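Enquirer: Here is what each chain is made of, one letter per residue.
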Amino acid sequence: MNRKEFLGIIGGMWILGFFSAISQERFIEESSSGGERVDIDELKKKAEEGQVSMKEAMFYEPFEEKNRSM
Amino acid sequence: MSLLKKKIVQCKLCPKECRLIEGRRGDCRVRVNIGGKLITLVYGKVCAVHIDPIEKKPIFHMLPGTPIFSIATAGCNLHCKFCQNWEISQVPPEKLNNTDMPPETVVSLAKRYGCPSIAYTYTEPVIFYEFVRDTAILARENGLRNVLVTAGFINEKPLRELCRYVDASNTDLKSFNDEYYRKICYGRLRDVLNALVIQKEEGVLLEVTNLILPTLNDSEKETREMCRWIVRNLGSETPLHFSRFYPMFKMLHLYPTPEKTLERAREIALEEGLKFVYVGNVPGTPSEWTYCPSCKRVLIRRSGYAILENNIINGRCKFCGEVIYGVWS
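Protein chains in written order, with my numbering: chain P, 1459 to 1528; chain S, 30 to 358.
Just so you know, these hints were derived from the structure itself, not from any lab.
If you're wondering where the values come from, they're calculated on a predicted model, not measured in any experiment.
Think of the CB as a built atom: it goes at the ideal place given N, C-alpha and C, for glycine as much as any other residue.
Keep in mind that a hint or two might mislead.
[Said to hold, decoys possible] From the structure, some residues in chain S lie toward chain P, with a derived Cβ separation under 8 Å: (1) Ile37; (2) Val38; (3) Arg48; (4) Arg60; (5) Val61; (6) Ile63; (7) Ile68; (8) Thr69; (9) Leu70; (10) Tyr72; (11) Tyr158; (12) Pro187; (13) Gly350; (14) Glu351.
Model the full structure from these sequences, guided by the hints.
Expert: Given below as structure tokens:
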């Protein structure tokens, strides 16, 4: 294997990894029941005005792939 | 991959179990992933507050004729196409004018206005869970009772925890058909059935409401199957309300439920052994009165939300002494 071929394989692997990460993120977004994007700065402003709260919820956990939703 | 996963959270409150990357909100619209933490936007942020007759919930078997302090926040984890309160249940909280009302204020106002109980109602108390729980604990400490008016779409663990502080619940059983739940409400039947059984197990005074929509969930077969399930799993003393549908939200093309459909549903429920069956949203009908299951005399005569006559004394029928399911004083 010469240097060009080696760099080509490395480059190809990087591109594959990049698109895999993007598609994984898209899968998670689409498979979630929710997923609407919020403007966090706007929400923090609304919280300062007393319109919304910023209290931590009780029932949640870091997502693990083995936990599948409906 | 690990960098992506790091800030994803999964809500465990309701059976949808939304998985959210940072900066996204759940299906209920009130829970947001901010910095890897799930944040509720509606704790103490009330969008509706009223003092109602307890009959309006409807709760017919607890403290009849008393006022109930009723609160709601924005949002819901179901999206029923017939929702009567869609202007507040189907919008994100920041789009409404909310009033800051922490649990201490709710309890204080309920006491000031002579309400012996607080209802978490209008939208869906499941999605303002933390606010309900803290208010309910404080209400109990102050001698008040707590009532959930809910669709019962909640996971077992949070429900059992909440039931410790809940006295009564009117839970919707919107249909006995899973396809209806999925297509009309964006929910799932089996989770609601589980929630009903759990509330019964936890000793919550349980009443059930079935809103009948013409052509969609009005078959006699479905009604009979539902009633059989209630008798078998919740008990024949469970009050069941058949409620009349009026065109609303995305169901404007349907006509209101004919009264004869509601009366037929009531007949079926009585045939199947249920003792307390009511027709709702039809003012003036004798089918909204409570009858003694033993001697068949009228125990509570109602007109709309008003109590005209109450023949239950110390939890028993005044005429034959039969013990009547409920909390009466």
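Enquirer: If a hint holds in the structure, say so; if it doesn't, say that too.
Expert: We went through each hint and held it up to the structure:
1. Ile37: 4 Å, holds
2. Val38: Holds - the Cβ of Val38/S comes within 8 Å of chain P, reaching about 5 Å at its closest.
3. Arg48: This interface hint holds because 5 Å falls under the 8 Å limit.
4. Arg60: 6 Å, holds
5. Val61: 5 Å, holds
6. Ile63: 6 Å, holds
7. Ile68: 6 Å, holds
8. Thr69: Holds, about 5 Å.
9. Leu70: 4 Å, holds
10. Tyr72: 4 Å, holds
11. Tyr158: Hint on Tyr158/S: holds, closest Cβ of chain P at ~7 Å, below 8 Å.
12. Pro187: OK, holds: Pro187/S within 8 Å of chain P, min 5 Å.
13. Gly350: Since the shortest Cβ distance to chain P is 45 Å, the answer is violated.
14. Glu351: Not OK, violated: Glu351/S not within 8 Å of chain P, min 42 Å.
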